[in-house]
Amino acid sequence: MARVGGAALKTAGLALVLAVACALPFAMSGFRVFQFTQVLIYAIAILGLNMLTGFNGQISLGHGAFYGIGAYTTAIMIDKWNIGYGWTIPVAAAVCLVVGFLFGRPALRLEGLYLALATFALALAVPQILKYFEHWTGGSQGIVLSKPKAPWGLPLNEDQWLYFVTLGVLIVLFILASNLLSGRTGRAIKAIRDNHIAAEAMGVNSALYKSVVFGVSAAYTGVAGALSGIAIAFVAPDTFDVFLSFTLLTGVVIGGLATISGAIFGALFVQFVPNWAQDISKAAPWAIFGIFLIVFMYVMPHGIAGFLRLLWIRMTRSAVMRGKAEGEVQ
Amino acid sequence: MPALLEAENLEAQYGWTKVLHGLGFAVESGGITAILGANGAGKTTTLRAVCGMVKTAGSVRFEGQRIDGMATEDIVRLGIAHTPEGRGTFMELTVEENLRLGAYVRKDRGAIARDFDRVYQYFPVLGQRQRQQAGTLSGGEQQMLAVARALMSRPRLLLLDEPSLGLAPLVTREIFRIVRAINKDEGVSVLLVEQNAAMALELADHAYLLETGRVVMSGSAAELRKDDSIRRSYLGY
Amino acid sequence: MDIFIQQVVSGLATGGIYASLALALVMIYQATDVVNFAQGSMAMFSTYLCWSLLQAGLPYWVAFVATLVIAFAGGILIERVVIRPVENAPILSIVIVTIGLLVILVSVAGWIYSYIQKPFPSPFPNKPIKIGNIVFGAHDLGAIGITLVVLLLLFLFFRYTTLGLAMRAAAQNPTSSRLCGIRVGWMLALGWGLAATFGAVAGMIVAPVVFLDPNMMGGIQIYAFAAATVGGFTSPLGAVVGGFLVGVTENLVGTYVSFIGTELKMTVALAMIIIVLLVKPSGLFGRSFVRRV
Numbered sequence: 664m665a666r667v668g669g670a671a672l673k674t675a676g677l678a679l680v681l682a683v684a685c686a687l688p689f690a691m692s693g694f695r696v697f698q699f700t701q702v703l704i705y706a707i708a709i710l711g712l713n714m715l716t717g718f719n720g721q722i723s724l725g726h727g728a729f730y731g732i733g734a735y736t737t738a739i740m741i742d743k744w745n746i747g748y749g750w751t752i753p754v755a756a757a758v759c760l761v762v763g764f765l766f767g768r769p770a771l772r773l774e775g776l777y778l779a780l781a782t783f784a785l786a787l788a789v790p791q792i793l794k795y796f797e798h799w800t801g802g803s804q805g806i807v808l809s810k811p812k813a814p815w816g817l818p819l820n821e822d823q824w825l826y827f828v829t830l831g832v833l834i835v836l837f838i839l840a841s842n843l844l845s846g847r848t849g850r851a852i853k854a855i856r857d858n859h860i861a862a863e864a865m866g867v868n869s870a871l872y873k874s875v876v877f878g879v880s881a882a883y884t885g886v887a888g889a890l891s892g893i894a895i896a897f898v899a900p901d902t903f904d905v906f907l908s909f910t911l912l913t914g915v916v917i918g919g920l921a922t923i924s925g926a927i928f929g930a931l932f933v934q935f936v937p938n939w940a941q942d943i944s945k946a947a948p949w950a951i952f953g954i955f956l957i958v959f960m961y962v963m964p965h966g967i968a969g970f971l972r973l974l975w976i977r978m979t980r981s982a983v984m985r986g987k988a989e990g991e992v993q
Numbered sequence: 141m142p143a144l145l146e147a148e149n150l151e152a153q154y155g156w157t158k159v160l161h162g163l164g165f166a167v168e169s170g171g172i173t174a175i176l177g178a179n180g181a182g183k184t185t186t187l188r189a190v191c192g193m194v195k196t197a198g199s200v201r202f203e204g205q206r207i208d209g210m211a212t213e214d215i216v217r218l219g220i221a222h223t224p225e226g227r228g229t230f231m232e233l234t235v236e237e238n239l240r241l242g243a244y245v246r247k248d249r250g251a252i253a254r255d256f257d258r259v260y261q262y263f264p265v266l267g268q269r270q271r272q273q274a275g276t277l278s279g280g281e282q283q284m285l286a287v288a289r290a291l292m293s294r295p296r297l298l299l300l301d302e303p304s305l306g307l308a309p310l311v312t313r314e315i316f317r318i319v320r321a322i323n324k325d326e327g328v329s330v331l332l333v334e335q336n337a338a339m340a341l342e343l344a345d346h347a348y349l350l351e352t353g354r355v356v357m358s359g360s361a362a363e364l365r366k367d368d369s370i371r372r373s374y375l376g377y
Numbered sequence: 011m012d013i014f015i016q017q018v019v020s021g022l023a024t025g026g027i028y029a030s031l032a033l034a035l036v037m038i039y040q041a042t043d044v045v046n047f048a049q050g051s052m053a054m055f056s057t058y059l060c061w062s063l064l065q066a067g068l069p070y071w072v073a074f075v076a077t078l079v080i081a082f083a084g085g086i087l088i089e090r091v092v093i094r095p096v097e098n099a100p101i102l103s104i105v106i107v108t109i110g111l112l113v114i115l116v117s118v119a120g121w122i123y124s125y126i127q128k129p130f131p132s133p134f135p136n137k138p139i140k141i142g143n144i145v146f147g148a149h150d151l152g153a154i155g156i157t158l159v160v161l162l163l164l165f166l167f168f169r170y171t172t173l174g175l176a177m178r179a180a181a182q183n184p185t186s187s188r189l190c191g192i193r194v195g196w197m198l199a200l201g202w203g204l205a206a207t208f209g210a211v212a213g214m215i216v217a218p219v220v221f222l223d224p225n226m227m228g229g230i231q232i233y234a235f236a237a238a239t240v241g242g243f244t245s246p247l248g249a250v251v252g253g254f255l256v257g258v259t260e261n262l263v264g265t266y267v268s269f270i271g272t273e274l275k276m277t278v279a280l281a282m283i284i285i286v287l288l289v290k291p292s293g294l295f296g297r298s299f300v301r302r303v
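Those protein sequence lines, which keep their order, are chains R, S and Y.
If you want my numbering, it's the 1-based position in the first sequence plus 663.
If you want my numbering, it's the 1-based position in the second sequence plus 140.
If you want my numbering, it's the 1-based position in the third sequence plus 10.
Keep in mind that the hints are not guaranteed to be accurate.
[As the list claims (entries may be wrong)] Below, computed lysine-lysine pairings styled on DSBU-like, alpha-carbon distance capped at 35 Å:
(1) Y:Lys-290 <-> R:Lys-853
(2) S:Lys-195 <-> R:Lys-853
(3) Y:Lys-140 <-> Y:Lys-128
(4) S:Lys-366 <-> R:Lys-853
(5) Y:Lys-128 <-> R:Lys-794
In short, the hints are calculated from the structure, not lab data.
With these hints in hand, go ahead and build the complete structure from the sequences.
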C-alpha cells in the first residue's frame, strides 16, 4: 500500500519540480537566471561524478579536468572552426567519454586512496597543460565566445534561452542515468562498489564496467563543462583547477552519494552557500562556508538525499522497508 | 552464593536483526561453563554481549555489579578477559608486544614481569618466538598467544570463543589441557563457547545449549553428556 | 660535484619538511583511513600562533616549544570536538569535514593576520657554513637537524613506551585493543595531537624560507602527498624516506633538467605520484594487501 502511494507521490513531486523549473526564468532577473543555469550545469557534472564515486565506488579528485576538457572542446570548436554551439555538446561528450575510458583502464588497478591520488595529480596538471598548448587554448588569456541568442525568434532573452537548453540537456541526461543505474547494469555497477571480488565471481566483467563507468561519468561532466563554456562565454585555464574538483566532490557528498536527486541538492549547495557565506561575513566568508560544510555532515552524514530518504522511511513507518533502507544507506 | 557472572533476559541485535532472545545463564566462581550450539546459534554473540561489543538489552552482572551498557574497555578492566573468535591477534606486532598489551591495564610492573615467565611456562613455544611477528605464527600458536594475552591481565573470568576453530585435534587438546590447568591452579573461571561439543563437555562443569538465540537445554556437563538427543545431534553418535 | 652535494643537502632540508607533514598525514590515515586535508592548514595556523608569541616578546626556542605544545593540544581538541561526531560516517563525509576545516583555518588566519606575507625568523644564523670546499646554508642544516631529532623522539616513543605501543595497537586493530582495555578513542585523539605537532614543526621550519601567509602550506601539502605516495601511505617510515626522496629529487631535477623552471616545479611531485602509482601503488615501504573475502 505504501509502495503504490509512494510511486504516485514521486511522479507528482517530479512533475511539480519540473513545472517550477520551467517557470523560474520568467520570474527572476537575468543574473538569477544565470545562477540557476549554473546550478543545472553543476547538477549534470555532479551526477557524472556521483555515478563514478557514489554508485561505482571509484573516488575521483580530478573531475574538474573533464569539465575543463568539455569547456575547451566547445570553445575551440566555436572559436576556431565556427561550429554551432549545439553540435559542440555531443562532441564534448564523445571526447570526454574516450578520454575517461582511456584514463579508466590503467586506473583499474588503483583502489580508494590511490585512485584519489592519481586523479588529484591529474587535476593539478590540467591548468598547466592548458596553458602549455597556447596555440590551441589561447594560453592564460583563455578564449572569449559570444552568448548565443534564442533561435526561431522565440521571445526569450539569452539567459533564458541558455537556461532552457541546459534544462533540456539535464532532463535527457538524468533520465538516461536513471535507466542506466537501475536494472541489471545498475546492480552490477553497485556490486562492483560493494565487493568487486564477489561481483567478478558472479560473472560481472569488473574491468569493463569500471572503465565504461569512468568514461560515461567523464562524458557527463564534459557536457557540463561544455554548457558552462557556452553560458559564461569565456574559458580560461585557471577556472579548471583542483578547487573545481573539490567543489564537485563536495556537491556529491552533500547531495548524497549514490543518489540521483542528490545532484540537484549538491548543485544548489555549491552554487548558493558560498554566496550566503559572503553575506554573513565579508571578512571570513570561507570560514562560514567551512562551518556550513561541517554542520551539514554532522546532521546529514549521508547527504541531503540520504537524509530525506531516511525521513521518508520513518514517515511511512514500514519496518520491513526500514530494515532494507538502512542496509542500503549503510 | 551469587554466581561470578550472571545474565538475565539478555537480548542482542546487529542493526535491526535480533540475535539473542531472553538468554539466561551463569558462571560459578572457579567453574568452567560451556555454551554449545551449531553455527549461527548465537554463541559468539553471547560473549560479545557480555563484553559490550553489541547492542544489548537485559542484564549482565559480574560479581554482583551490572556491566551491561558499559564500554568494552571498562568491562575488561573489571577483571574479565576475552579471547575473541579469530583470536584477534595484533598481526604486525611481536609476540612479546601482544603479551604486553594483554597486561596494559595493570600497574604492578614486577608482577607483570613474573607473569611473562608464567605464561612462557604454560606455552613454551611462545617463549621461543618472543620477538617474532605474531602474524607469522601458525593457527595453533596464535590461539595460544590469544589465551596467553588474556592471562596477562590476571583475569578472574576468561571468555573463550571457539578455541578449537581451525585447529588440529591434538593442538586443541593441548590448549584445553592448559585451560583446565589455569582453572585449577589459578582459580580463573571460564566461560567457553564451542562448536566441538565433545571436547567442551569433557572440560566443563556446566553447560548450556543454544539454538537460534535461545537456551534450549542446560545442566551439568555430566548430564548433558549422557543425554541422547545431544549425543545424536551434536556429538554425532 | 660540489653543486651536487649542495643540492642534495638543500633537498634533504626541504625533504625534512615534506617528511614531517607526510608523517602527519600517514599517522592519521593509518589509524582511520581518512586523509586529513586540513593537515597543512593546521600547520600554518600553528606557525601563526608562534609568530604571535614571538611578537609578544618570547625568545625563539621558548616560542617554538610552546607552539608544539599548543599544536598538540589543538590536534587532540580537533579530533575530539570536530571529528568525533562523524567518526562513524562514510569516509568521504569525514574527508569533507577535513576540507571544511581546511577552509575555516585559512580563512580565519587571513582574517586575524591578513593575507599579507610576513617574515618569520629562523633560529639559525644567516651566514653560510663551510665544510671542506662546499658551502651550506645554516638554516638548511638546522632544518635537517630538527627533523631528525623529532623523528628520533617519535621512533623511541612508539618503540619503547607502553603508550606508544597502545597507539600502534589501536591503529592496527581497534577491536582487540578495546579488549585489552585501551581507550581507542583517546588513542586516536593522541594521534591527531602528534600529527598536529609534526605539522607545526614543518610549518616553523619552512616559514622563514617562503614567508608566512595563510596559503603557505598548500603547495607543501601536495609535496607531502607525493612523499607519502612514494614511501607508502601505510608506513610512517615510508613517509619519512619518501619525504627526503621527493625533496632531493625535486632539487636535483630543478638544477639539472633545464626546462623545468620554477613554474613547472610542481610537475616533479606530480610525476613522482603518477610513476609510483603506475609501478607500485603501495609505495616503497607499503604493503600490498591480500584481501580475504
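Do the hints match the structure? See the list:
1. Y:Lys-290 <-> R:Lys-853: Given pair Y:Lys-290, R:Lys-853 holds - Cα atoms ~27 Å apart, limit 35 Å.
2. S:Lys-195 <-> R:Lys-853: Measuring from Cα to Cα gives roughly 29 Å; hence the hint holds.
3. Y:Lys-140 <-> Y:Lys-128: Holds - the C-alpha atoms of Y:Lys-128 and Y:Lys-140 are around 29 Å apart, at most 35 Å.
4. S:Lys-366 <-> R:Lys-853: violated (52 Å)
5. Y:Lys-128 <-> R:Lys-794: holds (30 Å)
The earlier numbered hint that this structure contradicts is number 4, and it is the only one.
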